[in-house]
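Novice: In case you want the letters, here they are:
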Amino acid sequence: MKNIVVFTLLFPFLMFSQNFSGEDFIYLKRHEHIDIKLNKGNFDITKSFSEQGKFLTANKLYFANESIGFDGFSAIEDIKAYTYLPEENKKIEVDYIETKRAFDNGIFYSDQESKTFTFPAVKAGAEIHLEYKEIVKDPRFLGLFRFGTFVPTESTKLSIEFPKNVSIGYIDFNTQDYPINFKEEIKGNNKTYTWTVNNMKGFQGEAQSESVLYYLPHIILYIKNYEDNGKTNNILNDVNDLYQWYSTLVDSIDENNLEKVHAVAKDITKSISSKREKAEAIFNWVQDNITYVAFEDGLGGFIPRSASSVCDKRYGDCKDMANLLYEMLNHVGIESYRTWIGTRDRPYSYWEVPTPIVDNHMINTVIIENDTIFLDATDSYVPFGMPSAFTQTKEALLGIDKDSFKVIKVPVQDMDKSVSEIHSIITLEDDLVKVDETRSLTGYEKVDFISDYTYKKGDKTEEEYLNTTLAIGNNKTNYINITKTNFDNKNTPLVLKYNLNIDSYAKSVANKTFINLDIDRTLSQSKIDIEDRKFSKKIDHKFKKKFVTTFKIPEGYRSIDIPEELVYDNEKFGFKISYSKEGNVITQHKLIYVNTLSVDNSEFETWNDFIQSLTRAYKKSITIERI
Amino acid sequence: MIKNSILVVVFLITTNSFAQFYKTYDWKETPEIHQLSKEEQKEPSVGILKKHVVEYAKSMFGDLLKVYETDHTITRVNNDKGIAKHNTVYIPMYEVINVLDIKARTINAEGKVTVLNKDNIKEVKNVDEYGDFKIFAIEGVEKNSEIEVLYTVEKEYDMHGQQNIQGEYPIREAQFLFITGDANAQIKAYRTESKFESVTINNTIGKLLTIKNIPAMVEEEYSTPDANKIAVAYQCFPKEQNITQEMFWSNVVNNVGPQFFPEEPITVVTDDLPNVTSGKTNLSVFEKANLLDDYIKTNFTIVKNNNAELSDVNYILKNKSASTFGILKAYAQYLKALDIKYEIVITANRYLKKFDPDFFNPNQLQEFLIYLPTEEKYIATDRLEYRVGEAPFNILGNYGLYITDSLEYYFSKIVQTDPNFSSINRVMDITFDEELQSATLKQSQEYTGHWSATSRAILNFYPEQSIKEYEDYLTGSGIEDKVVESYEALNTELLQLEYNKPFKTSSTITSESLLEEVGDSYLFQIGKVIGTQSELYQETKRVNPIEMQYPNQYDYTITIHIPKGYTAEGLEELNIDKSYKSVKGNKLCKFESSYKVEGNKVIITIQEFYKSNEYDLNRYEEFREVINAASDFNKTAILLKAIE
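Residue numbers (the working numbering), protein chains in the order written: chain A, 136 to 762; chain B, 62 to 705.
Keep in mind that the hints were calculated from the coordinates and are not lab data. One or more of the hints may lead you astray.
Stated by the list, open to error - To list a few chain A residues with every Cβ distance to chain B over 12 angstroms, as calculated:
1) Glu233
2) Phe317
3) Glu345
4) Asn495
5) Leu658
6) Phe739
7) Thr741
Said to hold, decoys possible - Okay, derived cross-link-like pairs now, DSS-like style, lysine-lysine, Cα gap no bigger than 25 angstroms in a straight line:
8) Lys235/A to Lys195/B
9) Lys662/B to Lys258/A
10) Lys647/A to Lys662/B
11) Lys632/A to Lys142/B
12) Lys611/A to Lys179/B
13) Lys142/B to Lys619/A
14) Lys401/A to Lys103/B
15) Lys755/A to Lys625/B
16) Lys103/B to Lys195/A
17) Lys103/B to Lys625/A
18) Lys290/B to Lys592/A
19) Lys195/A to Lys164/A
20) Lys395/A to Lys179/B
21) Lys341/B to Lys99/B
22) Lys754/A to Lys562/B
23) Lys503/B to Lys662/A
24) Lys99/B to Lys632/A
25) Lys562/B to Lys336/A
26) Lys250/A to Lys365/B
27) Lys390/B to Lys591/A
28) Lys195/B to Lys225/A
29) Lys235/A to Lys268/A
30) Lys173/B to Lys215/A
31) Lys625/A to Lys142/B
32) Lys592/A to Lys103/B
33) Lys258/A to Lys341/B
34) Lys179/B to Lys405/A
Each residue gets a CB set at the ideal place from its N, CA and C atoms; glycine is no exception.
Based on the provided sequences and hints, a complete structural model is requested.
Specialist: Following this line, the structure appears as structure tokens:
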């Protein structure tokens, strides 16, 4: 028995030294206590935070910069903060706190503010202590608690104390691998739930990974209901209550002066008879004419602005565009609904998480001849009929009427909808490789190309931009005669044409010349570093790339051999490359497909196998010899 | 009745004698859409008019000067990118006392005019380090619309000001109107041939600069576009004062200087010295300064907020927190206590502003350095990754105001004193497995100067993902299928007591993709082992002067062990020799590679260097050839041919 005690005493110490050596900064403590009081049907909600951090080295003293955010739904009070220097047993108070705003790239105006300050006198060994309160002004915004954060935490605790007649719901995510303790206590008229966990590791994001909410252990709390004189009053008992609330917000949409909006809708569709085409025309009009400008301002962040003002001002955010579409579409007789949705960054379901945290976006849904079509006009280039890529797989909450709603899953778009077809004719003049290439892009392949071209090209010339993004041949590839057709949001493929001169690509030694027909090496850099990689790999959309490459053997040469067919076939990803020769023309057919939106950790080996096979296939050159 | 008439009279007098420009200036009653040329139609946006007016006017009572600034722009937006760039407006409220008017309107291609609803102007307080703003989104914008914004603010009197004239988009006509009446005023325009003309506006004297057809300032490699824009700087002070540039500079030196050169250090500082030097004695000046630099950077924090106490030396020493300005006082105290001779340098980030010693403009006093004249080295007080050495690269090449301990001053270009400060040395050994399926690259590298500062900064300060990406770079970038068999970094700590001690790595990687099968022989992509090299493109005429980050040099030795049964062919293309010579014939930058065969070994030597960080814009093509030579080498391959 004695041995076991010693062991358990030692164990945390060992865990500590294992976990936190090599760290620069850790949290000794991150505690949050939520106190809920109910007073004649009104909630008083206060969150009390108590945190302690420690600098193990002087490398990341920037952790001394603290910023506590709040907005129209919350207030920050009673900040007490100081630095403690254990060696000198000295306490130095934070004596200056500023209220600040920041400009966000994505949101033009936001009521988000922060209390910012810097802990004084931090150095290796220093501890920082912070306590403050957050007043939660609306009972629907209890928020979420993260059991882990950027750096490791020794002691993590969340507790919530509430009157017995209140029912609290909670749901945790990604906690299965961590020994989180849960305790329920009843004291007098109050109940307390407490979650504790020790020695939680740090969580840092990775490139091309799902959002942090997919792997960070966290919990969402919400008030389900409370009982009052035998009557149950729901707050957010389930998705019905969430919808009821959304419904009251919709009621307050300003519906004045809709005539103008209706007139525009009529005008756009006057010469069209089919419903589908009418819907498409209206959707394209909103995509083309309303610029995305986002506002987040208290409840204003939840209530769409009037369709007529959005139409006049020609700008709006997601909910403004969704509501404008709603007014226009219904006016011309198309069944259309305002639709709430969470983007792929939020891994939640309305059925599990009946709180406003579940969604962060609004779109419009139309139903035409039993066909459900999701319309997201914030994506200026997505073609009618396809949802925005970042809403695939997500539940859409359609507001049917004041009391009823429907939850429908946005389907993943088939890989055959997003196809790049690349036709290349390669010739060789001395050692210069010349290519005549046509790329035809559909679906998300088209959407991505146009958005990147519009917003990421910067000051680069078209030639340089294509060279650095398409990465065909090598970075000395020279682009000429570039043309783009159907550079729009329509369902017709975007066609990109150009001629290429690729210097230093073919290699000649003695009477032989070697040329590799894989001038486009899609995915060759996508190997996953399995040893260090922690989280699943995110893929924005399913796609296919089909290549047909022909190579004309120059006069006076003959080809020695052509590579064999290579195939990698898997349900989720694969390729097939084959070569054929007819007369003096060698043709390469190449198909690459990715038929999944995510590569899980368990699939990393297979994925790497696929990439390795592909890069090996890319290595196959053609040899021609002077006759 | 009598009262009223007095009011009217007073009002009349004021309008007559102080008819400020903004009161009589307005936009056209009805806007009209402008015709664009074919070239202009291709641009995301085009500035039709960009007019800025600064008026120094006497206030109603006495001679105190007031400042009014009017900004008027008409901008055509042709596509989504143009709309996104111009459809939100941020008006800084820095020094603004009154917003006199803000208005905006849009005219679309069909001639429909939408006027901004002023209720939609939002106020945003205390944004980051920039202060307050008025912001609004332009209403009624569509593709091919013109956006017109006109506003006037009254500002606190400030003797100095500056304004950028050029934009990131082409501008048909830009005007800067400077109205100063009989006050003393000076104005200087930068990077334009256009001249000011004298004008009389409402009986007041002013100067007008008009520039037509200004090209867009573009981002280019090896350039400082933000600092290269056409701009003006100005000064205006009451007519009875006559202030020369020398007086302005002396004023700064006399105000700021004494704070940086204490007569005696404060006792807490002298008491703290053993913590700085760890009790060591007989330290050289460099060692003392270096230890001090490290001590401050690991015990003090630079804070960016509005707390005035962050410049107070006692507060700084107690709270170990300081502003970027205040931290110099902490350094000064310790330098004095350590008996190290130093000077204070005030300058600017060359990527944002070119420091002009001939025209005083407080806006160029942004960055501080400490110069150690005996060592000819700098302390970059607010740059955590640097220890005593050369000036940070974003300052290198700019002029600076140097203040000595006797409170004298001089200007000097901030140059690198050690020409070989930054270098990369690589030794690489390449072998192949028996089946010639994969190549093994064993590599040891040494990084000095700015290279080592950057490397250490990333490894010490950055999050995991960035460290991972950097390690990928260090072990050979662009080798897509590489497997890192081993990797080790040495001398990673920021504090190195030895001057410019190299940061070292040794690594072994394997790769299959470097070898391509061609019949019974193999193509070995030797060029790829030096990592991805940037290629300088230039389809359009180069705009910006050439400024590299810093002078640096690369020395590589690559040994390839040719496998048994094979010979190496196609080696000729490994010989590359490109250079850019000074007028006297010295090579200022070059890329040279050559090979020799010794038994079964091919030994490649590469030397690439850039002796200066500035090159002549007129010789851009020569510079480009040197830069691209490395990229040429990157494409080379040799044939491992089976011996028949």
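Novice: If a hint holds in the structure, say so; if it does not, say that too.
Specialist: Hints, one by one, checked against the model:
1. Glu233: violated, 5 angstroms
2. Phe317: holds, 30 angstroms
3. Glu345: holds, 14 angstroms
4. Asn495: holds, 21 angstroms
5. Leu658: violated, 9 angstroms
6. Phe739: holds, 15 angstroms
7. Thr741: With a cut-off of 12 angstroms, Thr741/A remains clear of chain B, as the shortest Cβ separation is near 16 angstroms.
8. Lys235/A to Lys195/B: holds, 15 angstroms
9. Lys662/B to Lys258/A: violated, 53 angstroms
10. Lys647/A to Lys662/B: holds, 24 angstroms
11. Lys632/A to Lys142/B: holds, 22 angstroms
12. Lys611/A to Lys179/B: violated, 52 angstroms
13. Lys142/B to Lys619/A: Holds. Lys142/B to Lys619/A sits at ~17 angstroms (cutoff 25 angstroms).
14. Lys401/A to Lys103/B: violated, 33 angstroms
15. Lys755/A to Lys625/B: holds, 23 angstroms
16. Lys103/B to Lys195/A: violated, 47 angstroms
17. Lys103/B to Lys625/A: holds, 22 angstroms
18. Lys290/B to Lys592/A: The given pair, whose Cα atoms are some 21 angstroms apart, holds under the 25 angstroms limit.
19. Lys195/A to Lys164/A: holds, 18 angstroms
20. Lys395/A to Lys179/B: With a Cα-Cα distance of about 22 angstroms, the restraint between Lys395/A and Lys179/B holds, given a limit of 25 angstroms.
21. Lys341/B to Lys99/B: violated, 72 angstroms
22. Lys754/A to Lys562/B: violated, 41 angstroms
23. Lys503/B to Lys662/A: holds, 22 angstroms
24. Lys99/B to Lys632/A: OK: Lys99/B and Lys632/A at ~22 angstroms, within 25 angstroms.
25. Lys562/B to Lys336/A: The hint is violated at about 35 angstroms.
26. Lys250/A to Lys365/B: holds, 14 angstroms
27. Lys390/B to Lys591/A: violated, 43 angstroms
28. Lys195/B to Lys225/A: Outside the cut-off at roughly 44 angstroms; violated.
29. Lys235/A to Lys268/A: Distance of about 18 angstroms is within 25 angstroms: holds.
30. Lys173/B to Lys215/A: violated, 56 angstroms
31. Lys625/A to Lys142/B: holds, 19 angstroms
32. Lys592/A to Lys103/B: holds, 14 angstroms
33. Lys258/A to Lys341/B: Measuring from Cα to Cα gives roughly 21 angstroms; hence the hint holds.
34. Lys179/B to Lys405/A: violated, 35 angstroms
Going down the numbered hints, you'll see the structure goes against 1, 5, 9, 12, 14, 16, 21, 22, 25, 27, 28, 30, 34, while the others check out.
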